[in-house]
Each structure stands twice: as C-alpha cells, then as structure tokens.
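Participant: One letter stands for each residue in the lines below.
Number of protein chains: 2
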Amino acid sequence: MASLPSDVTVREVGPRDGLQAEAPIPVEARVRLIEALLAAGVTHVEACSFVSPTAVPAMAGAADVLAALGRRPGVRVYALVPNARGAELAAETNFVDELTVTVSASETYNQKNVGRSVDESVDELARVRGVWNGPIDAVVSCAFGSPYEGDLEPDAVAALGDRLVAAGADALTYADTTGMATPRRVHDLLDETGPAVGLHLHETRGTGLVNAYAALERGVHRFDTAVGGLGGSPFAAGAAGNLASEELVAVLDDLGIRSGIDVDRLIDAAGVASALVGHAVPSRVATAGPRTRLA
Amino acid sequence: MASLPSDVTVREVGPRDGLQAEAPIPVEARVRLIEALLAAGVTHVEACSFVSPTAVPAMAGAADVLAALGRRPGVRVYALVPNARGAELAAETNFVDELTVTVSASETYNQKNVGRSVDESVDELARVRGVWNGPIDAVVSCAFGSPYEGDLEPDAVAALGDRLVAAGADALTYADTTGMATPRRVHDLLDETGPAVGLHLHETRGTGLVNAYAALERGVHRFDTAVGGLGGSPFAAGAAGNLASEELVAVLDDLGIRSGIDVDRLIDAAGVASALVGHAVPSRVATAGPRTRLA
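From first to last, the protein sequence lines stand for chains R and H.
Be aware that the first sequence starts at 101, since it is given in our numbering, and climbs by one per residue.
Be aware that the second sequence starts at 101, since it is given in our numbering, and climbs by one per residue.
It should be emphasised that the hints constitute simulated quantities derived from the structure, not laboratory data.
Glycine included, every Cβ here is placed at the ideal spot set by N, Cα and C.
Each hint should be verified, as a subset may be incorrect.
[As the list claims (entries may be wrong)] To be clear about the criterion: a stretch of chain R counts as covered by chain H if any three or more of its residues have a C-beta under 8 Å from a C-beta of chain H, and this derived list gives those stretches:
id, segment
1, 278-287
2, 298-309
3, 351-363
[Stated by the list, open to error] From chain H, some residues computed to sit far from chain R (all C-beta separations above 10 Å):
id, residue
4, Pro-105
5, His-144
6, Asp-223
7, Arg-229
8, Asp-270
9, Arg-285
10, Ala-314
11, Asp-368
Model the full structure from these sequences, guided by the hints.
Facilitator: Right under this line is the structure:
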C-alpha cells in the first residue's frame, strides 16, 4: 500500500452542490442541515452560493443562511460566487471565510454553465479578487474530461489552474463535474499539478471513491464531498451525485486517516438531508451503516 | 501508479448471484440474459446454481438453463453447488466446466446460510470432490469481515482457504459478501494469500470498485462481477449489490487492462437484465454510459 496522508480535509459541499439541483427548501431547513453537519465534526463547509435565484432557485437566501449560522469557532465557511457582484454580497455578510469560484476547463461547458468564455471567466475571477480581501479557491470544473469536447489535455487543464492563480486564486480544486475521472486520469492530472490541490469528485460512473483513493495514494489531502451523495450539476445531463461524505469518511476511518468527522453522526446528517429533499439519498453507507455496524 | 496487470478475467455472476434474490424469472429469460452477456464478450459465466428450488426459487431449472445454452467454444460455464448431490446433478448435465462451492469464513453466517458448521462445509467440499472430476473454485464468503462476528483475522481466513485446497479445491475466490472490505482489508488478506486468488466484491458500502483497484495494484487478475450491479445475498440484510460488471470494465478499459468485454454491449446486457427483473439496476455506467459517450 502506497504511503497515505495521515490527515485529510473534507470540505462538505452538500448544502451548496448537493442542494442546488433539488427543489428549493427553506433557509431554516438548510441551516438545520448545516448544523447537523457541524455536529458531526465538519469544519469546512460550502454553505451557499450567491448565484441568481432565478437561475438556481434552491440557492436563494444565501445571506440569510450565513446570518443564521453566524461565526463558529474552528469552522471555515465557504460561499460560491459567480462574479464580482456575488463576491461583494458575500463580503457584506461578514460571515464568509473563503470564496469558491468555478471556471471550466471545457469551453462549451463554461458557455452553457455561465454564458461566458473561459477567458471571460478568468477575467471575472480577477474582478472578484479586486473586491474580496479573503482567500479564493478556484474550482476548475470538467478537469478530467468534458461531456462536450471529450478528453482534455492534463497540461492544458493545469495551465488553466496556473492562470487562475495568476488572476488571484489562493488555492485550486479540480472537479470531475460529469464523472469522467478514473484513477489513470487522476494520475495524469496530478503529474501536472502536484498533490497540493483539492479534488471534487462525482459518482456519475461510480468512480468517486476509487478516484479519491488513487489521489490519496499520491498524497492529495483535500476533498469535496456531499452528505448523502446528493448533488450534481443542474446544467449537465447525467452529472448526478457527489462523492458521498460518509462513504469517504468510512474508508478514511478504516485506513487510519483522520478527518475529524464522526461517521455515525454524519449518517444522521444524511438522514436530515434525505428528509429535507424528500427522497432517499444515494449513499450506500447512509443505508448500510459503516462496516463496524454489525447485524 | 503501481504496476497493474495487462489482462483480467471477469467472471460474470449476474445470472446466479445477481438473480438469486430476485423474483423468479423463466429459464428462457435467464438464457436470454446469458446470451446477451456472451455477445458482449463474456467468457466466464456462473450460469446457475443447483440449490434447492424451495430455498432459492429463482434458481430453479438450472439443468434447463445449461441445456439451452449448450457448449460454446471459448466460454467457461460455472455452476454453484451446495453439496455433493448438487455436484452430481451438475455433472449429469455435461454442460458445466467448473463448480463453485461456497464456504463462509464466518461461523454464524455459514450456519444461517447453509445450516452447517464451517467444518461440515469443508467436509462437504471433500464429498463434492469425490463425485466431480472437473475443477472446483472454492468461494470463501465473508472473507473481509462478518456481519455477526465483525472483523476476522486475515491469517485465519487464508487458513480456511488452505483447508479448502486440501479438501479438493483447485482455485480460491474470496468474497466480500456483506460489503465489509476496504483497500486496507484487501491488502491485509492478500498479504496472506498472494495475488493468485479471485475476488468477489459487493457494493453494500460503495467500496466494490475501490477494492478492485487496490487488488489490481497488488496483481490480482480475477474478479467476479454482476451485470447491472444486481445481486446480494438473500440471507444477509443489507448485502445488496455485486460490483457492476460494466463499472469494472469501464475502468479497466481506461486503465488499458484487457478484459475482452465490450462495455457498450455489456450495457445492452444490463438493459436486458433490468427488463427481466422489472426494475432499474444500480449500475451507474449502465445509466450514464462509459466516459467516452459524450453529450
């Protein structure tokens, strides 16, 4: 077994990426879900996004979510912003620690997702930098392939990351937005970027966990996951299901890798999520429990 | 990336392990599913089991399934037998290449599954050996943990494998019957057995593919999978879902590992399986297609 990291940061994106494609649920309910996640030991949470409530009704009321949460010691709150105006709104709340800004490695996906070219999105990140004093994590979507262009060259994807850092990003996360990553593609990209990046993985083709494991073997120690395995992009057909937080944490626990998250309480949070969205969640660990739960 | 095998044998267990817990479907329909699998390039198939039709109604008519298939050049047909009488029935058909015989590493699971102690099951395998001239693959169930006893010592699990070889088995397959394997547990068992074993993995906790990958990195090159991710044990609550054949093959394809199976035609077979069982199959690749299928 390759040398694995001793500690991993799990950024919970369920309240944002998990809920954005669901029917809207009230601010109070979204806060309740975040409270359940914090109770499980989650310390990094993408709580909301400052996108247009017309485009993404489920994300309406971002400032209200943040105000209801307030500041929590030891908790890092992320908000996604699509542009400088969103960054200003996030800044006004005084409750956001770090912004996430998404730019796609796929020209067509970027056009369909935000109606801008990749170059225009890089420029917009520079404008976000101009109005936001805190850290920015640039999330490169479709980093392992595009449903429109197919395979993308890893060096070109990494070069986009470099441009985003030059434009003002402090950290980079590479996202497998439509589930095209495999262990080979993870290795190919990490060959270009090194392991000091975050990975945001989806289960569209059932490869979320195996890709996380391949990345762990390369020393990656930042992962985005969604409680219950909720989520997917509302703009890409078949882009369903983030890597489930409790499925990753259950394996990390067994590998002896610390995440600081209690898997049983995380499963409780998945139950909260399931009740709020009104349907079963795809996470198998949420259903079967961790391997330590005997008959 | 660790050195991976260049070729892998995928034994398709959908017609047996995949269907055994479903409502019974006619012999003709089961043959149609096997035909679809063979058309996809499957060369190793567990076609049926000679268990009591009272205990497992879905497996009734095993000899009829085999007779309808007949002998196919290049195809290796397996039948599961629970005892020497089953082996005699399999032998009488003249259509079985190899038997699979299951013995559990978990005393309680074995008792609940076949009403025998593990020692009695080892003795029964010796009786199977006495009436069957062809090869026997002994499948050690609960090899990565038991829902009743919890963790099992890998050296004790491997020692059971040794006893089964001494009793007449020609090959060994270790099964994660209730989804308790993780990459760590796979490594721990392979430390004892070496890589010349088959693995039979389940997705009860979403770890089927990551466990297969960890095993590939150790040189394992035999895997049991079920088309569509059907299956699970009818005797263990929550033991749902074999590793989906097309999810494994899709990743093997991208890793450049030959299986001889065409993933698109395998997805067609998953469609056949779904229609026959009358519900959606859990395989994500069956839904989303392989990563090469663009928007």
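Participant: All hints are to be evaluated individually against the structure, with a verdict given for each.
Facilitator: Structure-based check of all given hints:
no.: 1; hint: 278-287; in the structure: holds (count 7)
no.: 2; hint: 298-309; in the structure: holds (count 6)
no.: 3; hint: 351-363; in the structure: holds (count 4)
no.: 4; hint: Pro-105; in the structure: 14 Å, holds
no.: 5; hint: His-144; in the structure: 22 Å, holds
no.: 6; hint: Asp-223; in the structure: 26 Å, holds
no.: 7; hint: Arg-229; in the structure: 32 Å, holds
no.: 8; hint: Asp-270; in the structure: 29 Å, holds
no.: 9; hint: Arg-285; in the structure: 7 Å, violated
no.: 10; hint: Ala-314; in the structure: 7 Å, violated
no.: 11; hint: Asp-368; in the structure: 17 Å, holds
Against the hints set out earlier in the document, violations occur for numbers 9 and 10.
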